[in-house]
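**Q** What follows is each chain in one-letter form.
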Amino acid sequence: MIVNLGPQHPSTHGVLRLLLELDGETVISCRPIVGYLHTGIEKNTEYRTWQQGVTFVTRADYLSPFFNELAYCLAVERLLGVEAPPRAQVLRVLFCELNRVASHLVWLATSGLELGAISMMLYGFREREVILDIFEAATGLRMNHSYIRIGGVVMDLPDDGEQRIRDFLAVMPGRISEYEALLARNPIWLERNRGIGLLSADDGLALGVTGPILRASGVTADLRKDEPYSGYETYDFDVPVRTECDSYARFAVRLEEMRESLRIVEQCLERLQEPGAVMVEDPKVAWPARLSVGPDGIGNDPEYIRHIMEESMEALIHHFKIVAQGVSVPAGEVYQAVESPRGELGMYVVSDGGHRPYRVKIRDPSFVNLQATPTMVEGGLLADAIAAIASIDPVLGGVDR
Amino acid sequence: MRAGAIAERVRTRLPDVVVARDEATVFVERDMLIDALDWLAAEPELGFGFLSSIQATDWPGQVPRFWLAYELRSTALHHRIRVKVGLPEDDPRVPSLTSRFPTANWHEREVFDFYGIVFDGHPELTRILLPDDWEGYPLRKDEELGGVDTRYHGAFIPPVDKRTSA
Numbered sequence: 001m002i003v004n005l006g007p008q009h010p011s012t013h014g015v016l017r018l019l020l021e022l023d024g025e026t027v028i029s030c031r032p033i034v035g036y037l038h039t040g041i042e043k044n045t046e047y048r049t050w051q052q053g054v055t056f057v058t059r060a061d062y063l064s065p066f067f068n069e070l071a072y073c074l075a076v077e078r079l080l081g082v083e084a085p086p087r088a089q090v091l092r093v094l095f096c097e098l099n100r101v102a103s104h105l106v107w108l109a110t111s112g113l114e115l116g117a118i119s120m121m122l123y124g125f126r127e128r129e130v131i132l133d134i135f136e137a138a139t140g141l142r143m144n145h146s147y148i149r150i151g152g153v154v155m156d157l158p159d160d161g162e163q164r165i166r167d168f169l170a171v172m173p174g175r176i177s178e179y180e181a182l183l184a185r186n187p188i189w190l191e192r193n194r195g196i197g198l199l200s201a202d203d204g205l206a207l208g209v210t211g212p213i214l215r216a217s218g219v220t221a222d223l224r225k226d227e228p229y230s231g232y233e234t235y236d237f238d239v240p241v242r243t244e245c246d247s248y249a250r251f252a253v254r255l256e257e258m259r260e261s262l263r264i265v266e267q268c269l270e271r272l273q274e275p276g277a278v279m280v281e282d283p284k285v286a287w288p289a290r291l292s293v294g295p296d297g298i299g300n301d302p303e304y305i306r307h308i309m310e311e312s313m314e315a316l317i318h319h320f321k322i323v324a325q326g327v328s329v330p331a332g333e334v335y336q337a338v339e340s341p342r343g344e345l346g347m348y349v350v351s352d353g354g355h356r357p358y359r360v361k362i363r364d365p366s367f368v369n370l371q372a373t374p375t376m377v378e379g380g381l382l383a384d385a386i387a388a389i390a391s392i393d394p395v396l397g398g399v400d401r
Numbered sequence: 001m002r003a004g005a006i007a008e009r010v011r012t013r014l015p016d017v018v019v020a021r022d023e024a025t026v027f028v029e030r031d032m033l034i035d036a037l038d039w040l041a042a043e044p045e046l047g048f049g050f051l052s053s054i055q056a057t058d059w060p061g062q063v064p065r066f067w068l069a070y071e072l073r074s075t076a077l078h079h080r081i082r083v084k085v086g087l088p089e090d091d092p093r094v095p096s097l098t099s100r101f102p103t104a105n106w107h108e109r110e111v112f113d114f115y116g117i118v119f120d121g122h123p124e125l126t127r128i129l130l131p132d133d134w135e136g137y138p139l140r141k142d143e144e145l146g147g148v149d150t151r152y153h154g155a156f157i158p159p160v161d162k163r164t165s166a
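Protein chains in written order, with our numbering: chain A, 1 to 401; chain B, 1 to 166.
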């Protein structure tokens with residue numbers, strides 16, 4: 001029997017369609033069909049300025065917006081030959097790691113829901129909400145922040161930002177232990193996940209799988225350690241690895257990764273005691289708008305408006321040039337990969353020397369990891385296919401771009 | 001290995017290597033592609049056995065018009081290389097890597113979908129992100145966007161590819 005699972009099905013994590021050939025309850029063959037969420041992000045970037053590209057790429061994998069922004073900005077910065085100031089790099093790491101926790105929480109919540117652990121869904125989204133509140137306080141948006149910009153980040157932490165993160169750090173490790181207590185030895189959870197969705201290390205590498213799935217198959221591959229960027233080599237953290245190759249191992253790896261991320265966030269907060277600039281000085285690169293929070297929300301800083309309108313003609317020219325025309329980036333090509341919650345997120349950015357990207361290609365980890373679905377589910381039960389897909393953690397916004 | 005050292009090592013077999021922005025790029029002819037990738041993967045000091053990504057770019061009016069870039073990575077040795085192949089406008093085809101790198105399957109389908117580059121030997125070269133009945137190859141530079149003017153504050157703003165800026 002041929003069964004269409006999706007594209008509109010709550011247990012496929014978005015608009016993923018699986019064409020399944022079944023013999024009773026057994027999956028004979030599985031064919032993932034994607035593309036239902038294609039929005040042409042890569043083509044769009046070719047018609048906007050370099051800075052506007054950030055607002056597009058952040059919307060690709062909507063559960064890891066900071067990583068999209070970071071990979072894009074690091075690539076453009078390498079083309080420009082500039083480096084973000086130290087404080088901006090710490091802020092980038094800080095928000096990326098909080099984002100990793102938030103993303104893993106959504107994965108844990110939805111996987112729990114699919115396998116009948118509904119309380120896990122409620123807890124997961126509850127804690128994620130706290131992280132999104134931190135994001136909102138710092139960037140103005142809960143998702144799609146456009147916070148990381150070419151040359152730095154758009155603004156520093158708000159006054160209460162550090163306290164909010166500290167409050168979160170105070171409760172979160174205990175909460176992770178709660179999840180572990182709920183699920184790690186839960187007989188139903190074990191039954192549904194152990195030995196399910198098997199993917200050997202060799203198969204994973206051949207299929208281009210990266211991230212927690214590969215690390216749950218015994219391969220120590222984490223770009224934060226292997227090809228460090230944004231100063232990750234100076235942080236103290238471990239890369240959790242398991243060797244069982246199944247859904248349960250992926251669960252265990254992600255749980256442990258959340259703990260490691262919190263460790264990194266803590267180190268970031270220590271480093272933020274040092275004040276500093278969050279954007280490069282060069283007026284030909286730095287986005288000129290200074291934002292501040294007024295009584296009616298975030299907007300242009302009145303001080304800055306006075307500066308360009310009344311005091312400095314040159315500042316006004318720079319502002320006009322960079323806002324209307326954008327930076328011009330020397331011709332060349334760069335591939336920049338970062339370790340997103342789902343694996344290797346790469347940006348291949350090509351410039352022809354103009355004010356717009358010539359080509360931006362997003363190597364999204366979900367897109368590549370999904371190719372492993374047939375290997376994981378063929379020969380197993382239909383119900384186990386749901387658990388296996390959940391363990392891949394695909395985000396269709398990133399798959400389809 | 002750093003990009004410079006990789007380039008030195010690769011040059012012994014594949015002469016056309018450049019290093020820019022700490023990335024090594026090797027240029028090969030398309031009929032040499034499979035041989036080159038096999039050698040890069042088999043060479044113990046290089047170990048480029050992991051295919052990260054396949055990317056295409058379109059340069060209308062230039063020869064060759066299309067460039068394919070294969071991003072290779074060594075998960076054990078933690079370094080990268082890019083292999084580039086130029087393809088002529090009138091014959092944009094290249095051997096498929098699916099028999100060596102199963103991950104190439106979807107990457108190649110995506111390139112075919114957006115650029116119309118044909119991968120010989122691919123098991124099912126169909127569109128992947130666009131609908132099957134889509135016409136044209138949208139990431140080619142000469143593809144019409146088909147935008148219309150939109151009214152904004154009483155004035156009409158032309159579509160993004162018809163604006164005079166930049």
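Treat the hints with care, since some could be wrong.
Said to hold, decoys possible - A few chain B residues that face chain A, going by a derived Cβ cut-off under 10 Å, partial list only: (1) Glu-23; (2) Ser-52; (3) Trp-59; (4) Gly-61; (5) Val-63; (6) Pro-64; (7) Ala-69; (8) His-79; (9) Arg-82; (10) Trp-106; (11) Gly-121; (12) Leu-125; (13) Arg-127; (14) Glu-135; (15) Asp-142.
As the list claims (entries may be wrong) - Per the computed footprint, the stretches of chain B lying under chain A, defined by three or more beta-carbons under 8 Å from a beta-carbon of chain A, are: (16) 39-48; (17) 89-103.
What the hints contain is simulated information worked out from the structure, not anything from laboratory work.
Please read all numbers here as calculations on a predicted model, not as lab measurements.
Idealized CB from N, CA, C, for every residue including glycine.
**Q** With reference to the structure, classify each hint as holding or not holding.
**A** Taking the hints in turn, this is what the structure says about them:
| no. | hint | verdict |
| --- | --- | --- |
| 1 | Glu-23 | 7 Å, holds |
| 2 | Ser-52 | 6 Å, holds |
| 3 | Trp-59 | 9 Å, holds |
| 4 | Gly-61 | 12 Å, violated |
| 5 | Val-63 | 16 Å, violated |
| 6 | Pro-64 | 15 Å, violated |
| 7 | Ala-69 | 7 Å, holds |
| 8 | His-79 | 8 Å, holds |
| 9 | Arg-82 | 7 Å, holds |
| 10 | Trp-106 | 5 Å, holds |
| 11 | Gly-121 | 17 Å, violated |
| 12 | Leu-125 | 15 Å, violated |
| 13 | Arg-127 | 8 Å, holds |
| 14 | Glu-135 | 15 Å, violated |
| 15 | Asp-142 | 13 Å, violated |
| 16 | 39-48 | violated (count 0) |
| 17 | 89-103 | holds (count 3) |
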